[in-house]
Every structure is written in C-alpha cells, then in structure tokens.
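S.K.: Listed below, chain by chain, are the residues.
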Amino acid sequence: MAYNFHFDPVDLPPECKELRREVRAFLKQEIEAGTFSPHDQHGGRNVNARAFARKVGAKGWIGMTWPKEYGGHERSHLERYVVTEEMLAHRAPTRSYSTADRQSGPMILRYGQESVKRKILPRIASGELCFCIGLSEPNSGSDVFAASTRATKTDGGWLVNGRKIWTSNAHNSDYMIALLRTSPPTKENRRHGLTQFLIALDTPGITVRPIINLTGAHDFNEITFDDAFVPDEHLIGEVDMAWKQASDELAYERSGPDRWLETFQVLVELVRAVGAEPSERLAEGIGREVAHLATLRRMSLSVAGMLQAGKTPAVEAAAVKDLGTNWEQALPNKVRLLAPQIGDAAPDSNDDRLEQALAFTTLIAPKLTIQGGTREVLRGIIARGLGLR
Amino acid sequence: MPDSIIVDTATRIFEDLCEPAVINAAEDGAWPEALWSALEESGLLLTWVADALGGAGAEMLDGFAVLRVAGRFAAPVPLAETLLAGWVLAQAGIAAPAGPLSALPVHADGAIELAADGSLRGRARHVPFARNARHFAVVARGGVALVAAAAATIAPGTSLAGEPRDTVSFDAARPLATGTAPGLDPAAVERLGAAIRAQQIAGALEHILDQSVQFALDRVQFGRPIAKFQAVQHNLAMLAGEVAAAGAAADAAAEAVAAYGIAGDQVEAEVAVAKIRAGEAAGTGAAIAHQVHGAMGFTKEHSLHHATRRLWAWREEFGNEAVWAARLGRMVAARGADALWPFITAGS
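Residue numbers (our numbering), protein chains in the order written: chain A, 1 to 389; chain B, 1001 to 1348.
Derived from the structure by calculation, the hints contain no laboratory data. The model shown is predicted, which means the values in this text are computed figures rather than measured ones. Where a beta carbon is used, it is the ideal one built from N, C-alpha and C, also for glycine. Errors might be hidden in some of the hints.
Pairs of lysine-lysine, DSS-like flavour, derived with a Cα cap of 27 Å [as the list claims (entries may be wrong)]:
#	chain 1	residue 1	chain 2	residue 2
1	A	334	A	244
2	A	187	B	1228
3	A	187	A	244
4	A	153	A	244
5	A	119	A	244
6	B	1228	A	244
Here are a few chain B residues that sit away from chain A, every Cβ distance over 10 Å (derived from the structure) [to be verified]:
#	residue
7	1028
8	1055
9	1169
10	1241
11	1255
12	1272
13	1277
14	1280
15	1283
Given these sequences and hints, build the entire structure.
M.R.: This is the structure in structure tokens:
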C-alpha cells in the first residue's frame, strides 16, 4: 500500500471527562465575570491575556504533561488536548501562554540545559512567561533552513545579528526561541549549521517593530538583532544540529485543535441565526459543515491518542492540518452564502453576532493555510509519506 | 479493534479470487462462484449472525472491517447485503439461510406490507443483487419476513458500477418465516446501510490511492515519472487527505453502531457524519484518481473504474450526502448554537 493511514479510535478516559467539566465550569465563570467574551470580534486583543494565563496556570493547565520537578503536572497528552480544545472552542484568550505550552516549553524540556529548565519551565507553567518563535526571516519563510541571522561565538556566549520577521506576539513576549546560523550549510546537508537559542527579549541590541496585518491588528513583528548577547546557558541542544531537533515536535504542533477551530464561531453563530427549525437548504448547509468538523476532531483527537501511546503519526498529523486549515479557511464563505439576508425590514442591531463573526473570520481566513507551515509545505510532507519524493 | 485474523482471511480470499477479470465478468452477468464459495466456506458471511442462530457471533466491528477490505477489492458479490440481511433477520430471531441474501427495502420511505394473513405485498426499488439472492430479508410494515427470492418478481436494473440494483415486487408472497423486531423499520435499515457503504467507500478510496500513487511512479512524461511533478504530488496529497477523512469518519460510525446498536441520536449523528464525509471524499477522490491516470484511466480496459464507478454508486445509496446533511443539520439546529460544541464532543 502507498500509505496505510491509521487513526486509532480514542475513548477518552474518565479523568478526561471530569477535566472537561472542570474546564467548562471555569470558562463559564470567567465569561460571566467579564474576563473575556466568546463573541469578542477583536481576537481578544483588548483582554488582559497575562492575567488570564496566570489563572490558567494556577489551575494547573499549562505544562500539563511536563515533570513535576519543572513545574509540570505529569498528566496525559489527552488531558492536555481536552483543555486546549475547550479553550479554543470558547475562544478563551490563550495567546499569552499557548506558544510556550505547545512548543517552546517542550523544546526547552527536551533540549534545554538543566539550569534553564529549572529557571524557565516553572514560570511558563504558572502562566507568568510569554514566548514567541523566531523562525521566519525576510529571505527565509517556508524555506526555514535558509535562515541567515547569525550567532557568533564570543566570550561566555554568542552575539546575534540579523532580522526575524512575521513573529507573532513578540511585542508581548518575554522570550523567543530563535533558529540562528552558527555555521554555513555543508554540501551534503543544506540543513546543517543552524542552532536554537533561548533569547530574552529585553536584551540590549534587540528592537521589536510592529507590522500591522490586514485586519488592522498588531500581531506580527519584525525583530532586529544588533550585537545582542546570548549566554552559553541559553544554547538549546547541539550547535549546528537544530535540524535534528525540529521534527519531533511537529506532530503535536500540526494536528491540534488550533488547526481546525479558528473560525468555528462563525458556524455557531449561523446555527444561532437560523433558529431551531431551519429550512431544508440551511439544514443541509449546516449538516455538511458539522460532518467535516466532527471528522476533523476525530482525526485530531486520534493523533493525540497515538502520540500518547508512543507512536509517531507524522503523515497523519500533516493530513489533519492540511484538511483542518483548508476547512476552517473555507468555512466563512460557506456560512456567508447560507446566512439569512439582513434587509431593511430587519430590526436595527448594533450587535449582530453573525455579521461580526463573518467579518472577523473572513479577514483572518488567508493566514490559516500559511501560519505554522504552508499548505504547500504540508502537501510536500504528505507526498513524501506517499513515497512520491 | 477488529480481529486481524478475520481481516487477513478476507484479504487472502479477495487477493486470490477477485481479480479484475472476475469483476469484468460479473458485470457481464457471470456469477463469481469461486469467490462466493470461498466467502461462504470462510464463515465471513455470518459475521453479524449470533451463535444461537447458526452464525459466527463475531463483533460488529469485524463485519465492518471485512466490508472495508471488500470495498478495497471492488468485490462484485452481495457480501454487504448478506451481512445486512443476516443482521436484520437476527433482530427478529430468524436464522439466516445459506446462500446469497439481500435486505429490503433500501429506502427509508419503503412500504412493504406484511398482511394479517401472513402474505407480503409491495415493491422495493434499487435492491442490490436481488437477482443473485436466494432469499430476501424484508423489513415490512407488520414485521420482519424471510422470503424466498423465487416468490418475488424481479425486474433488473443496474448501478453506475454495473452491479445489480433490481426492483423486487411481492404480490401475496408467502414468507418462509416471520418475526418482530421493535424499532426496526426501513429508516434503521437505511442507517446501517449507510454505515456499511461508508466503510466500502473508505476501502475503495484506499485502493485508488494505491493505484494512483503507483501509476504516478510508473508513468514517465517529459523525461521523468509524473510523480516528480509538484502539481501531481499535491493532487495525490489531497487524495490522501480524503482517504484519511473517509476512513476516520467510517470507523467512527462503525464504532458507534458496535457500542450503541442502530437506534438513538448518537448513532444517527455518527452515521450521518460518516455518510456525508465519505460521500464527499468519494467524489473528490475519484476525480483526482482519474486526473492522475489521464486517458488510460478512462478506458474500459483499465481497472480504475472498478473502484471509481462503485464510489459514485455507493455515495448515492442509503441516503446521499444531501439527505444525511439535512438530517444532521436539523439535529444540530434543534439543539441550538450553544449545544453545538458539546454535540461535537459527545462521543468522547
């Protein structure tokens, strides 16, 4: 067979079901207290995400799978999955901790030096620290291994020079994990010569400049490094060998609920707008999208279950992200064409949730098949899994 | 998890006895006796019949796994139909007779009458393999009946795949046995039939992915295998995604049926999801497979159409994507917007 896709069934254990109830109760309470609104149309920009992160940290829901000695909670990946999907489905403002929880923390845990693990991980788990990821550069986007921002050895550490770009949330972050050039690539391996570093963003020589995106929001940044000093202690993993370290984490990154829930709200608001007894056309339109959503969730949860069981379903994970991001990207347009028309006869409303959700999701849709690995990159990975390249 | 011995047995039988020539001959009207006999001897046909009724008493999931394999091989025999009929009869406590079976009606609006005098009247359309069946399992108004095929009038018809889809009429036919099964109506037959077709679709999609990847690696154009062109790679990656989604959705429905039986909202929803998603994947997947195969795949001589014509037929049967989507959409709307997420997460 070309590729035998395998999605193990997952029956969540009882502790997950109990946890889901806890998370829902917490979120309900936070929504009622006005901490955030699931109907917020600014992507939660006006919410105090740091304060929310500390509450989530206090609940023990950041760094859930990490060892207790580093501030973690030694819970399963499935439990973490439940928390993540509930947060996303309720549009909780997770941006202050989600990157560290999903990527930076696990990277430090696996490849970081002991002193850094002890210093940093407990502060991530408490919700105190915010991370960003320094991969893309002006001339190195999807081609990650073409990065040219340099780290040059100096006494007791490294001097960093160059630029990172499209760095989400850098302006709110304490640290970046950056991929930096420490040696030229070799003839045999063009991925050789890159190294990962932990960089404190308040280091002298670092400038963070905003790039406003088409929704008008400040999410992206450009970061300039001008002889910024990084201590030896902040070296993550082996010098020149970052390419070996990158791939393991990707299965987690690729298939999570954040790869199919970003525009979910627009479907929720469509269901609200059409009421309990929709026309045949509306019922059919909703049913089709729910079928996609339910299937994606099954696949995504299954990948989490397989990871928990020690398997490495890399091609499955890439397929989930490709299907998931394409679906969530197409969803606003499908909803737009199903949405009841608002004519002059309709009552005045400054709070039409469906209209606002459509506006927001339509504008963010283009990024969904770009961030965290473009559609083209993913399809290349799947094609490799099929033995085509 | 299905029993791997059962899956291996089914795979071996199809590998040996379900060659493309057998499938072509079946379409021309030649009953594949060797294939059918091997299936009958293996006991696979009795998977969904309890021990007490002379069956194998295996798990529902084993039957679905066999159907996945049968779909992969485009098996031109009423395997699915015999499993479904055996299950229907078992619900009414009727032992399944030997030989090919088919269950009817296959449409939710089916209306065969089992009269007070014990006779059957009415007509069912699109009955799969009716002309090959020795007996029918009839879900009638008034009860479940086992009736000899000889007691019915059968008018031939065919599916897009060239498989028999006949019209079966009863005019005061005398059943061999009758029974009752509370809650078993044509809608329930349609529900299990949809879960069955979703598995067969998933299997056929797995096959066309294999076939398309192999073709792309073998076919040389512009001086290299077409597999090396990024446009072809991306089409095949999309096909792979559809294969993965159809398989996952079909398995979710099979697990729901195995866990909860055929009645209830949970099963109705899982089956709807499976038939919608697998049905969409059938259309998208078949189109990509044909594009990769070019003109060769459009010939009668090439075997690609054994799978793709079945995909087009199966997505339509036991309720197509639109029918199931409207049902699922009504379920969602009745529960309301804030119940959508709990609805999605209800199964796990």
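S.K.: Now, for every hint given, state plainly whether the structure supports it.
M.R.: Okay, the hints, checked on the actual structure:
1. A/334 - A/244: violated, 41 Å
2. A/187 - B/1228: Distance of about 23 Å is within 27 Å: holds.
3. A/187 - A/244: The given pair, whose Cα atoms are some 17 Å apart, holds under the 27 Å limit.
4. A/153 - A/244: Distance ~21 Å between residue 153 of chain A and residue 244 of chain A Cα, so the pair holds.
5. A/119 - A/244: Status holds; Cα separation ~25 Å.
6. B/1228 - A/244: holds, 26 Å
7. 1028: Non-interface label stands for residue 1028 of chain B: nearest chain A Cβ at 29 Å, farther than 10 Å.
8. 1055: holds, 25 Å
9. 1169: holds, 31 Å
10. 1241: violated, 5 Å
11. 1255: violated, 6 Å
12. 1272: With a cut-off of 10 Å, residue 1272 of chain B comes too close to chain A, as the shortest Cβ separation is near 7 Å.
13. 1277: Residue 1277 of chain B not clear of chain A: closest Cβ-Cβ about 5 Å, inside 10 Å.
14. 1280: Violated: least Cβ distance 8 Å, not greater than 10 Å.
15. 1283: holds, 13 Å
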